[in-house]
Amino acid sequence: MGGMLAAPVRRLRRSSVMPFVVVLLAAAALVLAAARPDPERAATLRRWADEYAAQGDVESRDRARRMLDEAIALAPEEGANWRSMGRLYALQGYDRKARGAYERAAELAPDDPENWLGLAMVEKREYLWDLDSTRFRGAIDALERVTRLRPHGATAWLRLVPLRYESGDGGAAAYAAMRALEGWPRLPESQVAAADTAYRSGQFALAESLFRAGIPRLAPERRMLFESPRNLPEIAQPDSAWRAPGDGERPLEAFRAMSAQDPDPTTRENEAQLEWWSRVAHALLLFDDPLRPELDARAETYIRYGPPRQVLLNPAGVPLFTEPARTGMARSEGRGGSNVTFPVRAQLWLYPELGMRVLLHDRSLRGRWTQPFQRSPEFPNTPDPKVLAARKDLLAFGNGWLVIPTRRPASQRLEVTGAFTRFEGERGPRVRGQLDVWASAADTITADWTVLDVKGRTIERGSTKPGVSGCDPGVRRIVEFTFGLAPGTYDVTVSAYDPRNRRGFVRRMLTVEPVRAGLGMSDLLVNCGSASTLSLGGVVRLEEAPDHRFRTGSDIAVYAEIYRLEPGEDGRTKFQYEYSVQPIKPDGELGARLAWAARTDSVTVTEGGPSARTRRQFIAVNTAKLVAGRYRVEVIVSDLVSGAQVKRAAEFTLE
1 MGGMLAAPVR
11 RLRRSSVMPF
21 VVVLLAAAAL
31 VLAAARPDPE
41 RAATLRRWAD
51 EYAAQGDVES
61 RDRARRMLDE
71 AIALAPEEGA
81 NWRSMGRLYA
91 LQGYDRKARG
101 AYERAAELAP
111 DDPENWLGLA
121 MVEKREYLWD
131 LDSTRFRGAI
141 DALERVTRLR
151 PHGATAWLRL
161 VPLRYESGDG
171 GAAAYAAMRA
181 LEGWPRLPES
191 QVAAADTAYR
201 SGQFALAESL
211 FRAGIPRLAP
221 ERRMLFESPR
231 NLPEIAQPDS
241 AWRAPGDGER
251 PLEAFRAMSA
261 QDPDPTTREN
271 EAQLEWWSRV
281 AHALLLFDDP
291 LRPELDARAE
301 TYIRYGPPRQ
311 VLLNPAGVPL
321 FTEPARTGMA
331 RSEGRGGSNV
341 TFPVRAQLWL
351 YPELGMRVLL
361 HDRSLRGRWT
371 QPFQRSPEFP
381 NTPDPKVLAA
391 RKDLLAFGNG
401 WLVIPTRRPA
411 SQRLEVTGAF
421 TRFEGERGPR
431 VRGQLDVWAS
441 AADTITADWT
451 VLDVKGRTIE
461 RGSTKPGVSG
471 CDPGVRRIVE
481 FTFGLAPGTY
491 DVTVSAYDPR
501 NRRGFVRRML
511 TVEPVRAGLG
521 MSDLLVNCGS
531 ASTLSLGGVV
541 RLEEAPDHRF
551 RTGSDIAVYA
561 EIYRLEPGED
571 GRTKFQYEYS
581 VQPIKPDGEL
591 GARLAWAART
601 DSVTVTEGGP
611 SARTRRQFIA
621 VNTAKLVAGR
631 YRVEVIVSDL
641 VSGAQVKRAA
651 EFTLE
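Residues in the sequence shown are numbered from 1 upward in steps of one, following full-length UniProt numbering.
Beta-carbon label-pair distances, calculated as ranges: (1) 457 - 595: 40 to 48 Å; (2) 390 - 59: 57 to 65 Å; (3) 62 - 110: 25 to 33 Å; (4) 310 - 41: 47 to 55 Å; (5) 175 - 41: 40 to 48 Å; (6) 134 - 585: 48 to 56 Å; (7) 480 - 292: 55 to 63 Å; (8) 390 - 132: 34 to 42 Å; (9) 427 - 463: 21 to 29 Å.
Derived by calculation from the structure, the hints in this document are not laboratory data.
Note that the structure is a prediction, hence the values are computed from the model and not measured.
We treat Cβ as the ideally placed atom computed from N, Cα and C, and that holds for glycine.
Can you build the whole structure from these sequences, using the hints too?
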């Protein structure tokens, strides 16, 4: 019986094995067919994947991923497949995988600029996320590779502009902007980039013309950022109940009326407006990402305060977790809030010149930066009010919500100091102005001045070449000018510039008092020379000491004009002048008198009219016994005939 059953069993086994073998061979054939290169199908899958990836939802991008995996399996040596995979990874936020895919695409097709352009954007995105200098250099290298492959294309040159500037090479940034301006396609951002580099190199007139040509051509959402701070996105305030100090009273209308905020009225350009435009332009260029077009808190912080002195990533002492504001509030108030916390990445932007540290959080962990939910006094994210009050070279809007400097960078700055002294003339009040420019006699310097009334109308304007200082001929040039003004308040600005686009200016608000009857006296003019040398041969030479600074032990010559002295019965005026010196304490209070002197003099009044009753007087102030510090000198003049008395004061510093 066993023999009888053996044959059927063997036949059963053969019959069951045969279908399995057939299926196995069929599967193997399918695998071999799938593994066989098929460029046409791979290209079709790639096109479909690109369309699905553009739809934006998770399901579509997962489908695009599967299609690209199949396309790469069908054509693994096709660089375009890897480029599409790199772009998909970038859209999904997998930057390291995206970099690897783009690197493979560039390896397979090194002459295709699109591969290098995609790699450059991933490298830049990674650098902005973790501040890795290797990624920064990689982005520049990849973009430079694109410019060699496509020298007349505008896009790569445009993306090079902010990176070259951030590397410290302003000249290379300006060259890249010029090539972007000349390249194709004609991008309005290229004009804005060229304007930005022109402004940063001190070519203000060129910058303004390029900004005015480029800004109107930008897309509406970008153009609006240049028009007013009001158009900045409110991304820095994720919880709408909180507002930075002064947010409710931002004087944005004053900012729009930029003519009232022009730091240097002697120029045609408005430097404050150019600074704003330049910040917006650089922020757009630096943080621009076609895959993530919206700006975040990094761009807004840069626009409001300019470049930070330093940026720290995940600094020591800063918690790298956060919790929703309402959760924390509920727990602190004893209402059983949640203990859930969330990891974050932190960037700390340091502005020591503003007394400010701006803390930014990336709660998405993918490069989307906002200000933190939890506010703390340690990171107020607005400048120190005391610093703003002490910095006269800053325009602050909204209690520090926006700060604009009025001085140029050191490399574009002429060091200048200035002083204005009010006198009286035969036709009314007059003002003597002096600008000191720290330059040698070999430098070509031009000086301009302008006088505006309280309504901003130009009352006086002029231009001249500076002369050589009598006190510091090797290092200082001086500009002197005198003009008559009616009583009132004036905005007076004097500036100097050279052919290298360096400029410096001094601006003061002056109140001119009407000429009144009785004894009068000019402001005190503190000279840089000694009284014995300033009036040789009957010729008076005035040269105000820069910032009223002197070396200890030197004599100080104070000049004053005394008006309308009354003559006595003998036809002579008789008056007494005295001076006293007091130290200025750190708190601004005055100390005890340390020096004092008095002298009586008289002058015969002839038929010279009112001018004969004017006395031009040098007063020698002895500082031999004074130590280094700040001092106040006061001069009191007494008319011994009429009994009238008048006094004036000035400050000086001994070093």
